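Please model the complete structure; the sequences and the hints are all you need to start from.
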Amino acid sequence: MAGAKKKKPKSAKSGKQSGAKQSASRASLETYYREMLTIRRFEEKAGQMYGMGLIGGFCHLYIGQEAVVTGIQHALEPGDTVITSYRCHAHMLAAGVDAKAVMAELSGRAGGVSKGKGGSMHMFTPEGGFYGGHGIVGAQAPLGAGLGFAHKYRGNDRVSVTYFGDGAANQGQVFEAFNMAALWKLPVIFVIENNQYAMGTSVARSTAVQELCQRGEAFGIPGNQADGMDVLAVHAAAKDAVAMCRTGDGPALLEMMTYRYRGHSMSDPAKYRSREEVSKMRQERDPIENVRRMLVAAGHADDDALKDVDREVKAEINDAAEYAQNSLEPDSAEMHTDILVTA
Amino acid sequence: MVELTVREALRDAMAEEMRADDDVFLIGEEVAEYQGAYKVSQGLLEEFGARRVIDTPITEAGFAGIGVGAAMAGLKPIVEFMTFNFAMQAIDHIINSAAKTNYMSGGLINVPIVFRGPNGAASRVAAQHSQCYAAWYAHVPGLKVVAPFSAGDAKGLLKSAIRDPNPVIFLENELLYGQSFEIPEGADHTVPIGSASVARSGGDVTIVTFSIMVGKALAAAETLAGEGIDAEVIDLRSIRPLDQDSIIASVEKTNRLITVEEGWPTAGVGAEISAMIMQRAFDHLDAPVLRVSGADVPMPYAANLESQALPQADEIAEAARTLCRSD
Chain H
1 MAGAKKKKPK SAKSGKQSGA KQSASRASLE TYYREMLTIR RFEEKAGQMY
51 GMGLIGGFCH LYIGQEAVVT GIQHALEPGD TVITSYRCHA HMLAAGVDAK
101 AVMAELSGRA GGVSKGKGGS MHMFTPEGGF YGGHGIVGAQ APLGAGLGFA
151 HKYRGNDRVS VTYFGDGAAN QGQVFEAFNM AALWKLPVIF VIENNQYAMG
201 TSVARSTAVQ ELCQRGEAFG IPGNQADGMD VLAVHAAAKD AVAMCRTGDG
251 PALLEMMTYR YRGHSMSDPA KYRSREEVSK MRQERDPIEN VRRMLVAAGH
301 ADDDALKDVD REVKAEINDA AEYAQNSLEP DSAEMHTDIL VTA
Chain F
1 MVELTVREAL RDAMAEEMRA DDDVFLIGEE VAEYQGAYKV SQGLLEEFGA
51 RRVIDTPITE AGFAGIGVGA AMAGLKPIVE FMTFNFAMQA IDHIINSAAK
101 TNYMSGGLIN VPIVFRGPNG AASRVAAQHS QCYAAWYAHV PGLKVVAPFS
151 AGDAKGLLKS AIRDPNPVIF LENELLYGQS FEIPEGADHT VPIGSASVAR
201 SGGDVTIVTF SIMVGKALAA AETLAGEGID AEVIDLRSIR PLDQDSIIAS
251 VEKTNRLITV EEGWPTAGVG AEISAMIMQR AFDHLDAPVL RVSGADVPMP
301 YAANLESQAL PQADEIAEAA RTLCRSD
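Sequences listed follow chains H and F, in order.
All residue numbers for the first sequence refer to the numbering used here, where the first residue is 1 and numbers rise by one.
All residue numbers for the second sequence refer to the numbering used here, where the first residue is 1 and numbers rise by one.
Treat the hints with care, as some may be off.
[Stated by the list, open to error] The calculated SDA-like cross-link candidates involving lysine to any residue, where the alpha carbons are at most 20 Å apart (straight line), are:
hint : chain 1 : residue 1 : chain 2 : residue 2
1    : H       : LYS185    : F       : ILE58
2    : H       : LYS185    : F       : ALA287
3    : H       : LYS271    : H       : SER23
4    : H       : LYS185    : F       : PHE282
5    : H       : LYS185    : F       : GLY107
6    : H       : LYS100    : F       : LEU108
7    : H       : LYS100    : F       : GLU29
8    : H       : LYS271    : H       : PHE58
9    : H       : LYS239    : H       : SER23
10   : F       : LYS253    : F       : PRO298
11   : H       : LYS185    : F       : ARG51
12   : H       : LYS185    : F       : ALA50
13   : H       : LYS185    : H       : ARG154
14   : H       : LYS185    : F       : LEU108
15   : H       : LYS185    : F       : PRO57
No lab work stands behind these hints, which were simulated from the structure alone.
Note that the structure is a prediction, hence the values are computed from the model and not measured.
Below, the structure is given as structure tokens:
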């Protein structure tokens, strides 16, 4: 994992890595497997459709990082809120949005969740507690703190999960958000999805102190690092952080050590890292393979049963792609709607 | 009617809306314990407590973003900038996060938020503290932009802005805070956004302006009246949406138009109005539209140069004479 993960944290108070091997029930493992596989197949299909010219603009795939959003989402409850960057397809699926509506949005169709007006980077489902989908790197950090502010203002015990990447971690407004979240004890879990590269710039080349889980220390925000390729480790770390924030002891910071297999976006050939680095990660650390092995080892599933799941997921994603392609482009009158809300 | 300063009117508007709706809160630098850097939020902390009147650190991008996030969740924040000059630190959240989200989400998430604070030149605070942002924000679809002159409009528009389900930029003026006006009594007084008013009726030339320049235009109109030129002064009150019909109705009457703004001329509010009038009322013009604006320079510090850089009543009156002589 590009070396960074194995570094010993310098502080005993903060920056600890969730150590113990986690276990999970058969039902949980099956759910994780299916959901992560759905994200992967969705993203693979999106990549194909991009190549065919059916999806335009920027398209940032989540392949390799599936365990992070999956493990965290299962630590949340209805009413909790989630926000992230432009790499948001998986977060939409995790929030319960039909793959059809997400794929149609990527394709710029009227059947998309944002009626085709937001695209790959700007998708939302307030019903599912997901507030986007934001294209400006780091801007979601104060926005997510604001969602947490609203929970506290209303006196409920809901929490805000605010995702950003290792690149955004260097934006000034992230520290502004940390400061106010800590000052006001907001129920915000800042999740750094450290996939090692901010576009083409590695953490080593961009960051003076590479243990991003320590970034909250100056604000008294406890940090925890977890193996973001292991959905059980992610889930365990998230559960702790959520419990802390729910009882008024927020904010918390989680650094998820993960890896994206594809380029930053579809237009990035990723020449800043070796082919070996990527294939080593895929072979040794793949989050979906991990769970597949667990299911088989525990006797919960055999190859046939898993192939059935694969087939079902594939069919769901093919349906989504078909739906997207058959959905009409937005009506031209739609250009002028939704600019302002009329009271 | 009751006489109030603009400062008191703004405070009353916030207090009344906060009494009526628990979702409304005020957040910004020095708004609570200090009672507002310009004492606009006087008494609010005492009445509403620290939950709803919130002092922030000096962190404009951060607290603007927190405000927008809270608004996405359905609260109705009033975000005070100590001046709009400092809001440039936060302009990404105002435009990218607040103005565009309703559109980008296909109407799923709206952002009911007010960004308010003093705008434009104050007195001898030089280039970085003396800029008018009316044209900047008026450029952006998804925002509403208001800039009142009188205390009554300040109160009525701020109440409308707080109730509005969209992001509203509320441009105040430091030099107007202490000015007194007669205003209607009671909590029901609101002024609709997007509606101009006739500050002075006249038949010879139309002067369209907003905020502190309304006072300068009225002074110019007084001078002109003594010379037999009867000027009409339109107080835009809102820059976006722009009340085009009121401007056109006036031009149809006077056939001459002057725009006055404190901001820079290039791509300014006056430029927008000129283009609009060309397209919609060209045949009613007896003379070219004239723009009176701030000088196309960063604001100088020296008293004489500052005064020279800002539109003055004399300059407005001279523009009117030029237009009225041209036929």
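So, going through the hints one by one against the coordinates:
no.: 1; hint: H:LYS185 x F:ILE58; in the structure: holds, 18 Å
no.: 2; hint: H:LYS185 x F:ALA287; in the structure: violated, 62 Å
no.: 3; hint: H:LYS271 x H:SER23; in the structure: violated, 37 Å
no.: 4; hint: H:LYS185 x F:PHE282; in the structure: violated, 59 Å
no.: 5; hint: H:LYS185 x F:GLY107; in the structure: violated, 31 Å
no.: 6; hint: H:LYS100 x F:LEU108; in the structure: holds, 17 Å
no.: 7; hint: H:LYS100 x F:GLU29; in the structure: violated, 45 Å
no.: 8; hint: H:LYS271 x H:PHE58; in the structure: holds, 18 Å
no.: 9; hint: H:LYS239 x H:SER23; in the structure: holds, 14 Å
no.: 10; hint: F:LYS253 x F:PRO298; in the structure: violated, 37 Å
no.: 11; hint: H:LYS185 x F:ARG51; in the structure: holds, 13 Å
no.: 12; hint: H:LYS185 x F:ALA50; in the structure: holds, 14 Å
no.: 13; hint: H:LYS185 x H:ARG154; in the structure: holds, 14 Å
no.: 14; hint: H:LYS185 x F:LEU108; in the structure: violated, 29 Å
no.: 15; hint: H:LYS185 x F:PRO57; in the structure: holds, 15 Å
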